[in-house]
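Trainee: For chain A, the structure is supplied; the task is to place chain B on it using the hints.
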Amino acid sequence: MAGLTRRRMLGGAAAATGGLLSSKAEARSPDPLITELQDWASQTGDGVDATPYGLPIEYERDVIRRNVPWLTADTISSVNFTPIHALDGTITPQGCAFERHHSGAIALRKQDYRLLINGLVENPIVLTYGDIERFPRETHVYFCECAANTGMEWAGAQLNGVQFTHGMLHNMEYTGVPLRVLLAEAGADMSDQNWLYIEGADASSNGRSLPMAKALDDCLVAFKANGEALRKEHGYPVRLVVPGWEGNLWVKWLRRIEVVAEAVESREETSKYTDLLANGTARKWSWVMDAKAVITSPSPQAPIFHGYGPLVISGLAWSGHGRITRVDVSLDGGVSWEIARLGYRGSDKALTRFYHDIHWNGNEMLLQARAIDETGYVQPTKSQLRAVRGENSIYHNNGVQTWYVDSQGVVENVEIT
Amino acid sequence: MSRLPNLFVLALGITTLLLGVAYGVATRYQMAAERQVMLQQVAAVRPQFDEAKSIDEVPTTTNLADAEDIGSENRIATDRDAKASVPAPNSLRRLGIGRPALPAEIAAWDVDIMPDGHGLPEGRGDVETGEAIFSDYCASCHGDFAEGVDNWPVLAGGFDTLAEDNPIKTIGSYWPHLSTVWDYIQRSMPFGSAQTLDEDQVYAIVAYLLYSNDLVDESFALSHENFADILMPNVAGFVVDDRAETEYALWRKKPCMQNCKESVNITMRASDLDVTPEPIRLETSTTHSDGEVSDKDIVKNGQKVFKKCQTCHQVGAQAKHRVGPHLNKIFGRVIGGLEDFRYSQVFDVAAKEGQIWDEESMAAFLLEPRTYFQGTKMAFSGLRTADEIAGVIAYLKTYSD
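As you go down the protein sequences, you meet chains A and B in turn. Just so you know, the working numbering puts 377 at position 377 of the first sequence, and the rest follows in order with no gaps. Just so you know, the working numbering puts 228 at position 228 of the second sequence, and the rest follows in order with no gaps.
Okay, chain B solo, but in the shape it has when bound:
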């Protein structure tokens, strides 16, 4: 049974001559009834097949050679595939699929800024305003002076380091155009709540970043009008890919095969650094009691959901404040109650009233943060389902003692 479909599929792809071969081979293996079925199927595909051939113009002899070699030489099978795949028709007329884009739709998404500033909206912002916004929305990751916290990107400094052993590539030392700064911040930052800043805020932040890179003084204000006047220090620091001349010309040569070096010495071993993640061990036993599982699953689910919070909140022994406060022992904690975190006004008020986080208030807050605490700095639209909320609550509880 199994041979028939294979031969049949084979025959579909190639020429009449091959069909003869397939047929001949088939008779050796197939019973009369099956042969009958195959002949009917072949007859059924003949017309399409001839049509396909006239488009493809594959020479018969090549195909015969392929047919004989199939199964023994992948190389030939690949050649056959290459010829058998025909590009999609390149229609010169429209197919009429889709619909015209509306101006408002284009305006909503077409927000990129060109190097000459084309595409910038009107607006204005100064260094001082920028500093305040930066400290609220950006400094937790990028540092108060854009110097970078932990492993987060450094945005300022690094001048004259590009040719050194440890170059520091920042907006000031490396970026060729100011347009890129504006464009990137308005579309992708702050990390975790992108596209929530308005135009003036972005102008102000960009002004502040110029200031922290010593490119303007503290009284500077940036706007769509003076934007094009700002020239970035490293604008001439880039060359268009020149590998064709500097590398390919050298390396497209017949390679050495014998006695290519006098001696070989090991100069460095990865194990000296020892920074490779540990190998995974396959454990042998995975039994657990049934009762535990469901609780565990809720916590596990909560841990997943918490990824949404992780850009701004940490939990655990090493937890520090990020954009939001750490969330250890949150249940029973006074709302807005951590001394060393700068809360919004509504949170300060709640703290003064001595409100306490419990499951109920947490569930309501997480569903609609900005409704529950109007004016909160927590730029998060809320969780969608009761399961997500229950999960996060269960997960946070594991950090409660």
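Here chain A stands alone, though its shape is the one from the complex:
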């Protein structure tokens, strides 16, 4: 089976390079794409309104969210993954940003939307969607990462593709009302020891407890992403944005915020989203997503098709503690490291894009990237993580990822010493 997969991928790489892994492609005969008149240079294309709301051109049909069918019993309570192997820059288009549902993506109209703020507040209030748009708002870019991103890799290399190992991740520009503004409107008791209980309108309700300090800091009650309405699968019309903290807290279809004196200890913060350690105890309230970087190309789904010579190594880095200040890249499995170029330095708790431009001469490589954030945190290796936590944590796996690149440019997910 393994051999088959390998041969198939190899076949692809070889075909694309004409079987010749050479950087010098010499033209033997004139290229008809240049010398012959092409239809598109002569006839006309689609008129405006051919697609009133555009989708990517059909040649990009493979750049889509994918799920891993054997992971869950049913797609209604499941997850799929962002095709980060095929994206660049930092903003994730909504249409291919990963989905995670506990009871399916519901269709909730703006006119049916209600937000209740109650509990330890002077004025329990009900807000409509229209009301929410009347509060002062802000716009920020933030990454959203599921706590279980890379969770299938705790026990070793398992999925052969960065989409599947790291694709429970997206990064969007959100517009919304700071949570603190809404709490002030309800006259909430904002004492430090208080909590919020946050609930969605879907059948799972996905209730989570959020400490007051975070709520007052940077959380947004968001209604736009990347300039347009949220997508149904991301909580249309209103979701909570909890910058830098695990995606499960970003409650979708937000319907209720209750100020409470202690954590509710709901199912999503006890049975799930707690991190079991090797000794049998579990960490709870592990909200922050620690710094993490991964090379998105080359990667198993994005092998090197172009042969030897100039090669762009590209990837993403992010930290729930703030900004990424540096990313290092290793070509030899962590023996030596070089500082990568930050092609786009993201802001606080947002994705950073890094590039490392090399001349590849066909040597086998063990590619790694490690992130460093503004707190000086250096992304650990998988063995460092396992030494502290064991292999049964499921969540918060931010260990350094290794891609093995063979001399043909085929890439594979591996674990190394």
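Careful: at least some of the hints might be erroneous.
Stated by the list, open to error - Capping the alpha-carbon separation at 25 Å, the derived lysine to any residue pairs in SDA-like fashion look like this:
no., chain 1, residue 1, chain 2, residue 2
1, B, K254, A, L366
2, B, K254, A, S383
3, A, K224, A, E138
4, A, K110, B, L95
Unchecked claim - Okay, the calculated bits of chain B under chain A, using three or more residues with CB under 8 Å as the criterion:
no., stretch
5, 105–115
6, 166–180
7, 205–214
8, 261–270
Just so you know, the hints here were simulated from the structure itself, not pulled from any lab data. Cβ atoms here follow ideal geometry from the backbone N, Cα and C, with glycine treated the same way.
Mentor: Using the frame of chain A, we list chain B on its own:
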């Protein structure tokens, strides 16, 4: 033409000095008439602009540096953005948006249960009742003994496995509080028809789950009165996130850059497991004849609608009974006619009478299941539109031979 708007937008964001620069650059490219327009526009925004500056207090020199670098260095552009975005005003007085919540509204939604049992409604249910309800509403996914069917969650057992290689996290072995069980079941289960159980039913199911986890005996009854007496075995199994001490302290160190390891060996390859989904191939041709399309579209639409049914019904070669019976060859099948499925009474009656599913009865049933068959166990409120119904019927027909 295209340069003018760009410079103009740029000028909007920054200071007077910059406007001078923009103006100077503009003269090199713009015709006199356009320059005139720009000057008018600048004049028009001046007042707001000065006001903005006094709030923002951005030093002029920084902005000049930014202006020179724009387009060459993203890094600097980002710094400028960071300063230019001002937090939403933090008003201390209410804005008066929204309306007071009514007590009945709060009561309807504020149903969470605290770890000490606060929030529980009055009620009572025993193990035996719970077992019957569980077998009707839950066992198809979670197993008769809450042991989990296929990939569905396991709810019982797994004691003393948390420190092992394959820990089994269940209500009994892992959950720290009983309140969570009550809270979760009443708001989110049964999957596909959440919030349809009444308080006593939830008490009974929770009692049964305690029983199937060997935490109470079979004569046990759970109520709001004895709820707080139940201590879950793993209540002390959780520590508050301690990464700051156990991890950050170790990993906030200057990283090694050279000769960091002696050697490197590959110890595991993802391809050995071979569990990755196949890559998507872009097909080359997508032609189809026109006549087919509309039928296909109805079926396709029906397939989408069927997602609503899928939590309870399966179709196809591997189809098994779930909460509801499998729906293969449903047209022409006797209503309630499968021997190995436990139907409700109304369905049993229909079966005895030998009623048969046809398009008409199916359409009427799917529109209002509980009106068409009063007393049906099918906890589904019905489909809303004729299109949905026609679609599902067409889709089910593709599984009819």
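Trainee: Evaluate each hint against the coordinates.
Mentor: Hints, one by one, checked against the model:
no., hint, in the structure
1, K254(B) x L366(A), "holds, 22 Å"
2, K254(B) x S383(A), "holds, 18 Å"
3, K224(A) x E138(A), "holds, 11 Å"
4, K110(A) x L95(B), "holds, 22 Å"
5, 105–115, "holds (count 8)"
6, 166–180, "holds (count 9)"
7, 205–214, "violated (count 0)"
8, 261–270, "holds (count 9)"
In summary, the one numbered hint that this structure violates is 7.
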